[in-house]
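Enquirer: Here are the chains, one letter per residue:
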Amino acid sequence: MGSSIRRTDLLALSNLRNDGRKPGEIRRMRVQMGANTNTGDGGGVGGSALVDMGLTSALATVRGPMACARRSDELPDRAMVDVSVKAVPFAPSGGDRRVTNPNTDRRLVEMTHLLKRALEATILLQLYPKSRIQVQVVILADDGGRLSAAINAASVALIDAGIPVKDILCSCSAGYAGSGVNTDEKTLVDLNRQEESSFAGQNAVCLPCAMLPQRGTVVMAQCEARLPDFDTMDRVLGAAMDGCRAVFDIIQAAIRERASILLGMRRGHGTPATNVLKFDQVLIAYTNG
Amino acid sequence: MEYEDHDSESDRENYESSIVTAPSLYLRPGYFRQTRKGKIVKSLSERYLRDDLGLGCYYVDEDSNKKNRRVKEATNAVPRTIEDATQLVTLLKPCYCNAVVVCDTNVLLHNLDVLEQSASQMPNLVFPQTALVECRANRRVAYDRSVEIMRQVGGDRLCVFFPDVHHSQTAHVAEDDNALINDENDARIRNVAALLGEQLRHSRYKVILLTDDKGSRAKADSCSDYEARSVRSWVQELDQLHPGSSLSDLVAQHGGPAAIGGKDTVTNDIFPHHVGQADLSLGVKIGRYYRGVLRSKDPQSAFVTIRRGEERVAVTIEGSQDRNRAIDGDVVAVELHTLDKWLSSSMNVNDPKEDGSTIKKDSVVGIADETAEPSLNELSNVPESITVNDAANALKPTGKIVGILRRNFASYSGSIFDKPSSSSSELSEREKIALDNERDHPDGTSTCVFFPVDNKVPPILIRTSQRESFLGQRIVCAMDSWPAHSLYPLGHYVETIGPAGSKDVETKVLLQQFKIAHEPFSAAVLACLPPNDYKIEMVPDRTDLRHLPVLSIDPPGCKDIDDALHCIDLPNGNYQVGVSIADVTHYVSPGTAIDLEAANRSTSTYLVNKRLDMLPALLTTDLCSLKANVDRYAFSVLWEVTPNAEIVNVDFKKSVIHSIAALTYQQAQSFIDQPDNDDGDPRVGAVKRLASLARKFREKRIEAGALTLASPEVKFVLDSESLNPTDVQAYALLEANALVEEFMLLANITVAKKILRHYPTLSVLRRHPSPNRAMFEGLISKARCRGFDIDIETSKRLADSLDASQIESEPYVNKLLRILSTRCMSPAQYFCSGEYRPLDWHHYGLAAPVYTHFTSPIRRYADVCVHRLLAAAINVAPLPPHLSSKSYLHDLCANMNRRHRAAQLAGRASVQLHTLIFFASDSGGKEEDAYVLDVDTAKKSEPSISVMVPRYGIEGRIKLGLAADDPKLVRMADQHKIVYDNDVSIQVFDRIRVKIWVREVQDYQRELVIDLVGPSLTKSSKKRGLEDKQKADSIKSPSRKQARRKK
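Same order as they appear, the protein sequences are chains A and B. Using the UniProt record's numbering, the first residue of the first sequence is number 1, and each one after it goes up by one. Using the UniProt record's numbering, the first residue of the second sequence is number 1, and each one after it goes up by one.
Quick caveat, the hints were computed from the structure, so don't treat them as lab data. Among these hints, one or two may not hold up.
[Stated by the list, open to error] 20 Å max Cα-Cα, derived SDA-like pairs, lysine to any residue:
#: 1; chain 1: A; residue 1: Lys186; chain 2: B; residue 2: Pro838
#: 2; chain 1: B; residue 1: Lys559; chain 2: B; residue 2: Val850
#: 3; chain 1: A; residue 1: Lys186; chain 2: B; residue 2: Thr81
#: 4; chain 1: B; residue 1: Lys926; chain 2: B; residue 2: Met744
#: 5; chain 1: B; residue 1: Lys39; chain 2: A; residue 2: Glu120
[Stated by the list, open to error] Chain A residues, not near chain B, derived (Cβ > 12 Å throughout):
#: 6; residue: Leu13
#: 7; residue: Asn15
#: 8; residue: Arg17
#: 9; residue: Gly54
#: 10; residue: Asp77
#: 11; residue: Tyr128
#: 12; residue: Pro164
#: 13; residue: Arg193
#: 14; residue: Gln194
#: 15; residue: Leu227
#: 16; residue: Leu262
No residue lacks a Cβ here, since even glycine has one placed at the ideal position from N, Cα and C.
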């Protein structure tokens, strides 16, 4: 049902967002490690992860560390991160965006750069000089927050691949609905597409942020909308960071779950049938508890 | 981007609730939709179901002592969740039947009046989210009103908002119910009622589901926890429980013949049926129908503006069958007629003079017009005809309405009249309508015909039980529906304004008639105002002009001073002249609530006894008003002018000024008239210099062909207590008025050129089209028979020919000619420069190639736009994004034109009302000089003349009381003259003597009457009295407005 009630209306009437969440709730999140088994194409350690945030879905595959394809790419003191972000043709593209060539979409190019910066700040690159770590992210479905989903998927895939990181990189967006003139606007966390698209000429504020939650370091933040003042910026960024911490809890649980299954397997309790492994039951149990 | 966050801990504390994931219960409703190109796309969205919503939420006023005190009037309602049934029971308000009423969508859409006025009878209301969402999709106004009811805090009412879409116990609907989206919604609303019913089963409250949907009621019958009722039956029960209340009058009428009378069981459809909504939107999509808004002036003529790409064309709708029940403002789908039914535009060059006279033939006495009636197309900036194939023959497209996409049903004010006795021989059309449609019902109610004051609106059939008490009152009725079998729309009574004829009541009526916003500004608008202790300070990016002797000249008692002037000597012998305009845009930021409200109101409206502001009073009369001896922000235009009034240089600045004096025209005039002496008063010097420059500017303008036009306007002297008019005065036009006008024109023209240079296609300008020959024909021929030659080729020639038209003995005739020629021109209009060719930007009256409005931003929205454009042009503020959209500007200009016209009409209606009061206070009537404007020389018509009384600015038609075929009557059409009995003659522009008095018609209705006193056509006074009586008989209509209705 296409809800025609304006997003700020329902919020004012019942403190609920359009999809029924409270302002501070993130969407349902599913993390599936080792989703793509076909990672080892001839070399390097592989890892993969499928992350769903609501209806947004991103699949990340990590290869490496491995030798650089060209000598000129090599860095003498650290590994280089080779990031590519693509969207599948059938992924619904964002509201006002026309369907574009997934190879040349400038939004995706921008995302690639942001993701690369975030990963470079996370991976312990100096351990692998002159080598290459390849991260490929495919956006399977987009319902808002695809940058966050891509970052989370890449982060989990790195861990699945066993690449040493400073911390588990987590990402979440925050923003607020309305013009921002009214100071008591509610800050929303983890915006979906309807919330992050502009409405009636008013640009929605959406600030995706990635951080290393245990260190409290923000490694990426991006905001295209015009914010009225610094206080608002602080408020929105604070909310986004809180969102990241919530994402961290979920990712951490998923990793522990995966690890315990792998450990059990080593003791001979079963076979890794990763493709069909679903984590949502686990997560539901976690989030309700 | 690395950002080290030091305050993460404190941030976390500040953020009230810790972030959690959304609840796990979860639906993924998907639906298929078709894209523009015809592809089918599946859209998915998420919907989380929650179990922490309790039983909906109610509203409390959280912080009543807000920081910003101005917003205090508005309640700041904050939702609170109702946890369980016990809490709900404590919150519910007890009433007779202890009912908790759950409202369905159709109740919110159509029966809001019942909900609004039944606070005591049914205090407990539940609004399901589904109903509100549906309501919003269908009628925005209804949604806003529902929310208004719901969020009212502190009354004796409990309104509960129930988010049923997300409530885990109501969100699911049974399989067989979700086939259609409507069924699903109805089922969800029933779920709400069922849940509440179950929770309240053991309390003294019972749950009522209010719905007019029979299907939904039938399905609800299976559940015992609540009861489903139709609005009418429920309200009738309430009325029985509460003697004295008459809520059932407020119930909207829909449906079959039973609603009107039930007399004829076989319904004969009077109108063709509308095409169904789905077919309509499909038809619009494939181009079979066109979508547009219907605009009409009276029941006969209407047009729809349709778009074909960028082009906009007005489609004429003729006749009530083609119009098919659409009313002014409806969004309709039109089907174009085939080419052979189109009107050729040459056919329709009907002389508007002729039009005007047909309307005025009803011996209507009223306030004299200022300009020609603008055509509706002109108000909306739409071309009237399009060229088909060969350029020579432009055709006006016609069409018929096949369906209505969105109704513009609103409330209207008007009256119900006494039942006419069917025996009376001569019935007015109005009485015929009443007689045909009024009937009594067995349940004590009766169907009455309600006649709105607004003649665009058809009579409405309402059903009421209190008919008698409505007689003599002005009441408000809402339109509900217009079934195909009914000649008139159905509606219901909303409220009573008061006794007809009283000044305040009629003022309210005319405000409503012209749709002039008169309600106080909303809280959102007031919240945009600067705080109480706002200080105007010097800011670096403004130019400090406080040292300059700036002064303002306005009428006495003017509160909203938006312009101020200064003039100083420069060292090089030139003058610096400055016009400073109140900097409204400093306080009104684009896109804020206050800006949207101002854009909607577009203009302040000035009534005789009232001013309705475009902006809140704080801005209008205080912060923006350039009062004396205080600092004010201004937008200044500074010229360097030689003593010969040559402009050397011009500059535009945002500034701060300090006015040294707020002069009245009188004071300024006395300064001008003072002999030259150096007494050192800076005000005198400034005014004198300005006056001498203004004279020179004026000369140049006249030289270029600007017209000096005249207006018949008068002003009332009001009694300070009762505000009743005690005297009428002509506007005194002093040189000081001309002085101010001259510099305002100069500023406007200068600014127009400036913004046009920077934004050639986005400027908001004002144009005044050259008059067309046909409109002037009547005046030219009338002038010719008195020996004047009026030449309208260019404005220069017209000005000269008007100057030459003088009669020594009758100085007023010249003014009369000026008034009449003003009336032959279309009024000026706002437009967006990209929409017209540069040649059409011309302002005919001012003989300026471009013109705009810059000088009154406090009371006109066009000026606000121009201020923004100018600020962007001089790089002090960026251009707001919406001002760079041509289609937005088109709509804005159309709205400004419409509102401007409405404000004018309302002002005139207010003058009319006061004129009536003025003459009513003097029972004998007044004798006065009048001038003949028009002599009806058409054959076979009852001879009549139309006259204007300059003393009071009123105009009317006098019937001469002669039979059309009187043998003694000689008509001389080419001379505009009639001669009676070879003795008495009346020719156009003659001065005659008339008597003006007020006649009581039908108990409470009054109207002005003008009688001819001299030259007397008939010698015997006895005969005259007889004629008067005859005349009174022939005029059935009780008031001027109704007389107009007849046409």
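Enquirer: The structure should be examined with respect to each hint, and the outcome stated for every one.
Expert: A quick look at each hint next to the structure:
1. Distance hint between Lys186(A) and Pro838(B) is unfulfilled; the C-alpha atoms sit about 49 Å from each other, more than 20 Å.
2. Restraint check for Lys559(B) and Val850(B): the C-alpha separation of about 30 Å exceeds 20 Å, so the hint is violated.
3. Between Lys186(A) and Thr81(B) the alpha-carbon distance is near 17 Å, which keeps this suggested pair within the 20 Å criterion.
4. Restraint check for Lys926(B) and Met744(B): not satisfied, since their Cα atoms lie roughly 39 Å apart, outside the 20 Å limit.
5. Proximity of Lys39(B) to Glu120(A) is assessed by CA-CA distance (about 42 Å); at most 20 Å being required, the pair is judged violated.
6. Under the 12 Å C-beta cut-off, the non-interface status given to Leu13(A) relative to chain B is violated; the minimum distance is some 5 Å.
7. With a least beta-carbon separation of about 5 Å from chain B, Asn15(A) fails to lie farther than 12 Å from that chain, contradicting its non-interface assignment.
8. The Cβ of Arg17(A) does not lie farther than 12 Å from every Cβ of chain B; its closest approach is about 9 Å, which violates its non-interface assignment.
9. With a cut of 12 Å on Cβ distances, Gly54(A) falls inside the contact zone with chain B, its closest approach being about 5 Å.
10. For Asp77(A), the condition that its CB be more than 12 Å from all CB atoms of chain B holds, with the nearest at approximately 19 Å.
11. Remark: the non-interface label on Tyr128(A) is consistent with the geometry, its nearest Cβ contact in chain B lying 21 Å away (cut-off 12 Å).
12. Here Pro164(A) stays apart from chain B, with its beta-carbon at least about 20 Å from theirs, past the 12 Å limit.
13. Non-interface status of Arg193(A) relative to chain B is broken: a Cβ of that chain comes within 12 Å, the nearest being about 9 Å off.
14. Interface exclusion of Gln194(A) from chain B breaks down, the closest Cβ pair being 8 Å apart, not more than 12 Å.
15. With a least beta-carbon separation of about 15 Å from chain B, Leu227(A) lies farther than 12 Å from that chain, consistent with its non-interface assignment.
16. With a least CB separation of 25 Å from chain B, Leu262(A) remains clear of the 12 Å interface cut-off, as annotated.
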